[in-house]
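The hints should help you fit chain B onto chain A, whose structure is shown.
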Amino acid sequence: MSEILLKEITKRYDKLIAVNDLNMKIQDNEFLVLLGPSGCGKTTTLRCISGLEIPDEGRIYIDGDDVTTKRASQRDIAFVFQLYALYPHMNVYSNIAFPLVTQGVSKQKIKEEVDRAVKILRIEHILKKRPKELAGGDQQRVALGRALVRRPKAFLLDEPIGTLDAKFREEMRSELKKLHVDVGATTVYVTHDQTEAMSMGDRIAIMNLGVLQQIGTPKEVYRNPNNLFVANFIGSPGMNFVKCRVFKKQDKVFINVLSVSQSVEVSGKSEKILTEKGYIDKEVILGVRPEDVLMSLAEKQDYITSKVYVLESTGSYNIIDVVLDSSEKIRVRTLSTVNPAVNQKVFLNFDMDRATIFDPETEEAIR
Amino acid sequence: MADVKLNSITKTFGDITAVDDMKLEVRDKEFFVLLGPTGAGKTTTLRMISGLEKQDKGDIFLDGENVNDLGPALRDVAFVFQYYTLYPTFTVKQNLEFPLKSRMRNVPQDEIDKRVSEVAKVLNIDKLLDRSTLNLSGGEMQRVAIGRAIVRTPRVFLMDEPLSNLDAKLREEMRVELARIHLELEETFIYVTHDQIEAMTMADRIAVMNEGKILQIGSPEDIYERPACVFVAKFVGSPSINTFDAVIDEDKLVIGERDMICCLSKQQCKSLDKLDENKIVFGIRPEDVEVTREKKDDNSIQGEVYFSQSMGAEDILNLSISKDLLLRAIAPPKTLIKTGEKVFININMERAHLFDIATKNRIKC
Chain A
1 MSEILLKEIT KRYDKLIAVN DLNMKIQDNE FLVLLGPSGC GKTTTLRCIS GLEIPDEGRI
61 YIDGDDVTTK RASQRDIAFV FQLYALYPHM NVYSNIAFPL VTQGVSKQKI KEEVDRAVKI
121 LRIEHILKKR PKELAGGDQQ RVALGRALVR RPKAFLLDEP IGTLDAKFRE EMRSELKKLH
181 VDVGATTVYV THDQTEAMSM GDRIAIMNLG VLQQIGTPKE VYRNPNNLFV ANFIGSPGMN
241 FVKCRVFKKQ DKVFINVLSV SQSVEVSGKS EKILTEKGYI DKEVILGVRP EDVLMSLAEK
301 QDYITSKVYV LESTGSYNII DVVLDSSEKI RVRTLSTVNP AVNQKVFLNF DMDRATIFDP
361 ETEEAIR
Chain B
1 MADVKLNSIT KTFGDITAVD DMKLEVRDKE FFVLLGPTGA GKTTTLRMIS GLEKQDKGDI
61 FLDGENVNDL GPALRDVAFV FQYYTLYPTF TVKQNLEFPL KSRMRNVPQD EIDKRVSEVA
121 KVLNIDKLLD RSTLNLSGGE MQRVAIGRAI VRTPRVFLMD EPLSNLDAKL REEMRVELAR
181 IHLELEETFI YVTHDQIEAM TMADRIAVMN EGKILQIGSP EDIYERPACV FVAKFVGSPS
241 INTFDAVIDE DKLVIGERDM ICCLSKQQCK SLDKLDENKI VFGIRPEDVE VTREKKDDNS
301 IQGEVYFSQS MGAEDILNLS ISKDLLLRAI APPKTLIKTG EKVFININME RAHLFDIATK
361 NRIKC
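Going down the list, the protein sequences come from chains A and B.
So in the working numbering, the last spot in the first sequence is 367, and the numbers never skip.
So in the working numbering, the last spot in the second sequence is 365, and the numbers never skip.
Isolated chain A, as found in the complex (with noise of 0.2 Å):
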């Protein structure tokens, strides 16, 4: 069992407090993603997880053991840096091979563990050569065999494909996730790319500023967003926050777009939660993201007008900034065979099955 657990832990650095009682359970052989802006606090906690950094306040417990004032090299826990620093004097072998070599292991066995991280990283064909003869991705991949041959407890890795071109990144996602499906083991992984915590996680600890705001799985955060900041971080692009008031007409709920002045129909669960928690002539937020806006070329009843002001073609489909006669700017994802002109009228509706409302003050979801 590779469970990490962490009780309110605290970090200051003088006034500022850059990890705020923070309470989280990582699961053995889970893939769990630290996300958030620079600042939130995630690499202080992904230190403090490694022993590099020792919290104030709190505990830390990995399989079950308090190893919150242990040193990093008694956690056994395997750190992959951002810049991989591998040793540039020694092959790739011996670079995969040295904490096997450290802690003095025999030959044949430091074999076997290399030779079963070689293969499963696919780098069978550059044991012999230096470091700075390898492309980025290949140094990116011995790193992480240093780390493997370790059988940490758990994997620590802290943006280790930030400095990568985007196509490679891409790459490297794909091939971090498979070998965690491949290999197993616990791993926490730090990231302020959306992006990556999608496509990796089994789950998504989303923090600002220190504070824990929800942890998830991609599914769960995406659809369910607790508060506006996680709603607006995940998503890409990202959610459409739109200012309305609820109001009541002929036993029927609606909400009315505030900047234009026109009103929407609500019904299912969301005319539900809005009745029961008292939202009726109130203003809220409404949550839309840009698939669950339903746009068309014609006018169409109770559709709300709007201007193209930019078209994003991706290629497999269309993001398209329009601009409600207020300059509210809203984005609609499109087939990539929607293509109106700039400055062409369309008509928007938002699919309230699937939208979020928040309350503007707490800025928290209305559930």
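Honestly, the hints are just simulated from the structure, not real lab data.
If you're wondering where the values come from, they're calculated on a predicted model, not measured in any experiment.
Check the hints yourself; a few may be wrong.
Stated by the list, open to error - List time: in silico DMTMM-like cross-link candidates among lysine to aspartate or glutamate, alpha-carbon distance up to 25 Å:
{"#": "1", "chain 1": "B", "residue 1": "LYS213", "chain 2": "A", "residue 2": "GLU170"}
{"#": "2", "chain 1": "A", "residue 1": "LYS345", "chain 2": "B", "residue 2": "GLU172"}
{"#": "3", "chain 1": "B", "residue 1": "LYS121", "chain 2": "A", "residue 2": "GLU170"}
{"#": "4", "chain 1": "A", "residue 1": "LYS345", "chain 2": "B", "residue 2": "ASP21"}
{"#": "5", "chain 1": "A", "residue 1": "LYS167", "chain 2": "B", "residue 2": "GLU225"}
{"#": "6", "chain 1": "B", "residue 1": "LYS169", "chain 2": "A", "residue 2": "GLU170"}
What follows is chain B alone, placed relative to chain A:
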């Protein structure tokens, strides 16, 4: 009028040929993107257009004028670097007006003020004019850098990966703003990036480069729908296109140990008849692969879901047909298909891409 023409441009650095006999024409007012991996030669090309680098062979024309012997200052181009390089001791306003204050230009101060104010407004930085550049966020700094280029109304804007240092979220926003600025300014933009989504979403035309050479020039649609070679097909589109070596067996393509068999259309068979080889490279994009629980038709291929990635608006299913035969398919997020499930894979052969196995070039069908 500000078109840019490169005629047989070559640049070497010692043993390395950074740019190899390049021919390129950028049209006036176009948003032209140089796209390729690190080391492709795109930044070198941009630097040669600006005059920061001198080519070893060939000619560069700006607006019909041969500018080979003109230094960067006289070429009247504006360069936006990857690392903003704002003047740290100046305010935003001072940064923006600096290019106009050059003695070479002799622009009166009230005109400078007017221009700075216009530009600041377009870029949404008009409230930051008196701010020190040390107190700006990444996005704000980037806008000032772009603003400093715009004030001069140069012939051409050259941008070298201007968004790569920004957080993913900010990059998304800035892409839209840049596309919009280009529409409003109606000027020629030449933009370098390694990120295909930037190229696809902003460009009028893209030149895909690798190892100093241009592999294809076309609109985003051309490049995506009709990639000229395997490299281009793999470079553009996310998730990447699936590619396989395939054997032609009459009217079918056979991949692996007959684990995967795809039926060719009459048109495809006709085009393949002309080949000497009986092998090709077969490509199919993940969005053209449909995964079903039940067999859809005789062409359905059996496979298993190796693992799935939930991207939010879509799911990526990583499928294995055999131990060595893997491919990716896109499924809607409502899909209930899970890891480990045995499924049927249906390939839309109308959307197949066929490439010559030796040259890796597109086989036209």
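Going down the list of hints, with the structure as the test:
1. Between LYS213 of chain B and GLU170 of chain A, the direct Cα distance comes to roughly 23 Å. Compliance with the 25 Å bound is thereby established for this hinted pair.
2. A hinted pair counts as satisfied when its Cα atoms are at most 25 Å apart, and LYS345 of chain A with GLU172 of chain B qualifies at roughly 23 Å.
3. As the CA atoms of LYS121 of chain B and GLU170 of chain A are separated by approximately 37 Å, the hinted pair breaks the 25 Å bound.
4. A threshold of 25 Å between alpha carbons decides the hint, and for LYS345 of chain A with ASP21 of chain B the separation of about 46 Å lies outside it, so the pair is violated.
5. Taking the CA atoms of LYS167 of chain A and GLU225 of chain B, the gap is about 18 Å. The hint holds against a cut of 25 Å.
6. A C-alpha spacing of about 17 Å is found between LYS169 of chain B and GLU170 of chain A, which places the hinted pair at or below 25 Å, so the restraint holds.
Hint violations for this structure: numbers 3 and 4, all remaining hints satisfied.
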